[in-house]
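Novice: These protein sequence lines are chains A and B, in that order.
For the first sequence, the residue numbers in this note's numbering are 458 to 1127.
For the second sequence, the residue numbers in this note's numbering are 177 to 388.
None of these hints come from the bench; they were simulated from the model.
Among these hints, one or two may not hold up.
[As the list claims (entries may be wrong)] In silico DSSO-like pairs for lysine-lysine, Cα to Cα no more than 30 Å straight-line:
hint, chain 1, residue 1, chain 2, residue 2
1, B, Lys204, A, Lys1106
2, A, Lys673, A, Lys767
3, A, Lys767, A, Lys1027
4, A, Lys673, B, Lys274
5, A, Lys673, B, Lys350
[As the list claims (entries may be wrong)] If you want the ones that stay clear, here's a sample from chain A, every Cβ over 12 Å from chain B, calculated:
hint, residue
6, Asn459
7, Lys767
8, Ile862
9, Ser872
10, Pro1044
Even for Gly, the Cβ is constructed at its ideal location relative to N, Cα and C.
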Amino acid sequence: MNLLGKLTWHAIPFDQPIALVTGLVVVLALGAILGWITVKGHWPYLWHEYITSTDHKRIGIMYIVLALVMLMRGFADAIMMRAQQTVAIGQSQGYLPPEHYDQIFSAHGTIMIFFMAMPFIIGLMNFVVPLQLGVRDVAFPTMNNVSFWLTASGALLINVSLVVGEFARTGWLAFPPLSEKAFSPGVGVDYYLVALQISGVGTLLTGVNFVTTILKIRAPGMSYLRMPVFCWTSLASNLLIIAAFPILTATLAMLMLDRYLGFHFFTNDGGGNSMLYMNLIWAWGHPEVYILVLPAFGTFSEVVSTFSGKPLFGYRSMVFATLAICIISFMVWLHHFFTMGAGADVNAIFGIASMVIAVPTGVKIFNWLFTMYGGRVRFTVPMHYALGFIVTFAIGGLTGVLLAIPPVDFVVHNSLFLVAHFHNVIIGAVVFGVMAGYTYWFPKAFGFTLDERIGKAVFWCWFIGFYLAFMPLYVLGLFGATRRMQHIPDASWEPWLIVAMIGALFVLAAIVLTVVQLIHSIKTRDQRRDITGDPWDGRTLEWLTLSPPPHYNFAVLPDVHGEEAYWTRKQTAIKLDRLIDEPDYKPIEMPINTPTGVICAFFASVCGFAVIWYIWWLAILGLIGAFAVFVWYAWRDEHEHVIPVEEVKANARERRRIRQEHLQSLSQSV
Amino acid sequence: MTTEAATIGLTHSGSEDTGLGDRGPQSKSIVVPYGFWLFVLSDMVLFSALFATYASLVHATDGGPTTNQLFDRNLVAIETMALLLSSFVCGLAMITAKRANMLWTQVWLVLTGVLGLVFLGIELHEFASMIAEGAPPQRSAFLSSFFTLVGCHGAHVTAGLMWLGTMMAQIWAKGFREDIVRRLLCFSIFWHALDIIWVAIFTIVYLIGTLP
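Could you build the full structure based on these sequences and the hints that come with them?
Specialist: This is the structure:
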C-alpha cells in the first residue's frame, strides 16, 4: 500500500514554467511575510488580537484581508486570460496551452466568487451588522471564528493546487459529465470539490449565526422596521445562505460519490443524468448571486443616505423590495439553461419570473435616485461608487432582461455576451459595493480615513477599466464568440480584444492603486484621524461609538427611538446643546478568545488534502483530530471574561469628553 | 425640556415597548436553541435536495433491480419503531434532566442510544444484503440515489450517537449545568428532526416503493 496515496513528485509542475514560477513567487512572498512577522515579533499580537479573536470586528477585518489577497490572485488569472486572447489570434497559439488556460478560467471564477466576493461581503456584514444593531457581538462568537477559518482553509487548498497537482479544467461550476472521473481523471476537480465543501460549511455557519443575530439580538427598541437597510439586506442574504448552501453541499457531495466510489448520479452510463446537476447547482447558484448583491445594495443604501444628508427615500419599499428579491431569487434558476430543452411552457415561466425580479430591483434604483434628489450630495469616494453603480448596474440589468427572453438566450447562450452580462452586474454592483463599503467603514475599523484623492483614482480606474474590458465582449458575443476560448479563430475580432486588454490594464491600475492607497493612508494617518467616531456625519448606530470601537462596542446598549437611531439622538443633542444623561455603567461580560477555529481549520485542511490525494489514513486522522477538538472545546468551563466597570466607565467618559468638545465646536460654528 | 429629551432618547428611562419583542437582546436559553433550529432547517434543505434527486432517478434502474424487488416492509417497520421509540425515550431523558435526576437521565439516554444502534444495525444489515444480492450503489442511478439518501440519514444517526455519548460523559462529569442542559436540548431537537426525515424516507422510499 502506498502511504502517500496518489501523491508523487510528478504532482509538482516542473514542466510548466509559468505555474512553477508563479508558485515559487507566491511561496517566497508568503515566506517573506511570515518571516517579517516573526522577526518583528508580531505573532503574540496577531494570535491574541486576530487569529483566536471572537470579536466580530476583528473577524470581519480578517475576512476582508483574505478577500483582498484573493482579489489579486483572481485578477492575476483574469489578466492572463485577457493576454492570451489578445495574442492567440489566427496563426499564433499564444503562451498558454489549452490545459493550462482551462485551469486558469476555472480558478478565476471559483476564486472570485467563493474566496473574493463571499469573504468581502461576509467581512462587511461581520464588521457592520452588530454595530448597526447596537449590540456587542453576534449570537455565536466562537462559531464566527470557526466560519472564518474554514473559509480560509478552502482558500488555502485552492491555492495549494497551484503548486501541488493541478486545478479543475471544468469551469467554475464543474459541470458533469466533463467533471466526472471518466473525463477528468486528475486531482483538479477533487481540489475544487473539497475546497468548496470546507468553505461551504463555514458559509452555512455564518448564515445561521447572522440570521440568529439579526432576529434575536438587537438593541432595546430596535424593532424590525427600525433596522438600517444594510441589516435588512444582510438578513435576506443570510436567509438565502441557509436555504441555498445545503443544496450546494448535497450536489457537490453527489459528484464526489460519483468520482470516488463510482456512483451514477450524473454519469453518462448507469442511468445517470447530468442535467440533474445543472438544476441542483443553479438552485444554489442563482440565490448565490443575490447573496452577494443584496448586501451590496444595503451598502449603497447607507452610503447614498449618508452622503445626501437625507433619510433613505422609501425605507419600507426598500425592505419589501429586498424580501421580494430574496423570495423570487429561488424561482428563476432554470434561466441558466434555457437550452436544456424543457419546452416552451417551462422556459416561458422562468423567463417571466426572471423579468419580474427586475421590478423590485427597479424600485431600489428609484429609491436611491430619489434619496439624492433634493439632498446635499457630497461627492466622496463611496458616493462615486454609488453613482457608478447605478449607471453600470442599470445597463447590466437591461442585458439581463434581454437574456431572460428564452429565444434571445438561445442565440447568445454561452457566448461572450453572457460573460459581459454577469461581469457587468457583479463588478458594477458587488465589486463597486464592497469597495464603497471598504472606504466607508474603514475609518470605523482603524480610526483614520483612506486617502480621498487616490480613492477617486481607484474608482475611475475600475469604472473606465470595466467599460473598456467588457463592452467589447458584448459586441463579440453578438458576433458569435463563445466563452472560454483559448484560441481566437477570427482575426477580425482582434481590435475588440485589444480594447478589452486595455480595460484589464486599467483594472490592474485600480488594484495597484488600492494597495498604494492603503500604504499611503497608513503612513499619513495622523493627518486624517477620525477623532469623533463620526467622520461622515452618519445616521446609523455604528457612528455612535468611537473609532475603532472598544471590544464591547457600546458601554451601554443604546435605546433606539425611530428609524434613524443615531441621527435622531445626534440632532437632539445638538438642538438641546447637551449630551445624553450619563448612564449607569455596569461590568460587561465578553466571550473569551479561543484557538478552536484555527485548530479545526488545520484538521479540515489536512483531511481535505488527504482526501484529494487518496491518503486515507491521514484523512481518518484529520477527522479524529477534528472530533477531539470539538469535545475538548465542549469541555471548557470558562466562557466569558468580565470587563470591570472602572474600565468601562473610563472609556465611556473619554468618549463623552470627545463628544462634548465636538458639540461645543458645532455650537460655536453656528 | 426633560420630557422632550426623554421622548427622543437623551435619557435612559428605557425604551417604549413596540410589542414586537424589542426589549433588547434575547437570553441565551432562547438564542442557542433558535440558532440550532436554523441549522436543523438547513439540514432539511440538504435532505430535500437528496429527496429531489431520488424522485427524479427512482426509475433510472439501468436494467437493474427496482424498488419492489429490494425493499422488505416488515424489516423497515421494525426499524421505524426502533427510531421512533428512541425519540420518545429521548423525550423522557429531557424530562428527567430538567429535574436534575442523574440516574434516570443516564438510563434513558443509554436506552436512546441502544435503540438508535438497533436502527443503525438493521439499516446496515439491509445495505449489506442489498449489496450481496447484486444491488450495490454502483449498479444504477436509482441505487446511487437510494444509498445516498438513506445513508445520509444513517450518517446523521451515527453523528447523533457520537454526540449522545459525549453528552452523557459531560453530564456525568459536570452535572446539570445550564449550558449543558441547553446542549442536551439541542441534541433532542436534532434527534427528533431525524425522525421527521425518517418518516419522509419511510413514506417516499419504502411505502411508495413497495406499492404493488
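Novice: Hint check: lysine 204 (chain B) vs lysine 1106 (chain A), CA-CA at most 30 Å. Holds or violated?
Specialist: holds (26 Å)
Novice: Using Cβ atoms and 12 Å as the threshold, tell me whether lysine 767 (chain A) really stays out of contact range of chain B.
Specialist: holds (19 Å)
Novice: Quick check for students: does the CB of serine 872 (chain A) sit more than 12 Å from each CB in chain B?
Specialist: With a cut-off of 12 Å, serine 872 (chain A) remains clear of chain B, as the shortest Cβ separation is near 29 Å.
Novice: Examine each Cβ of chain B, and state whether all of them lie more than 12 Å from the Cβ of isoleucine 862 (chain A).
Specialist: Fine: 27 Å to the nearest Cβ keeps isoleucine 862 (chain A) off the interface.
Novice: Closest CB-CB distance from asparagine 459 (chain A) to chain B, is it above 12 Å?
Specialist: Per Cβ check, asparagine 459 (chain A) is outside 12 Å of chain B; nearest 23 Å; holds.
Novice: Does lysine 1027 (chain A) lie within 30 Å of lysine 767 (chain A) when you go C-alpha to C-alpha?
Specialist: holds (14 Å)
Novice: Assess, step by step, whether the Cα of lysine 673 (chain A) is no farther than 30 Å from the Cα of lysine 767 (chain A), and give holds or violated.
Specialist: holds (29 Å)
Novice: Hey, is proline 1044 (chain A) genuinely clear of chain B, shortest beta carbon separation above 12 Å?
Specialist: The claim holds: proline 1044 (chain A) sits with its nearest Cβ about 16 Å from chain B, beyond 12 Å.
Novice: Is the Cα-Cα distance between lysine 673 (chain A) and lysine 350 (chain B) 30 Å or less?
Specialist: Judged against 30 Å, a Cα distance of about 29 Å means the pair holds.
Novice: Is the Cα-Cα distance between lysine 673 (chain A) and lysine 274 (chain B) 30 Å or less?
Specialist: holds (24 Å)
When each numbered hint is compared with the structure, no violation occurs for any of them.
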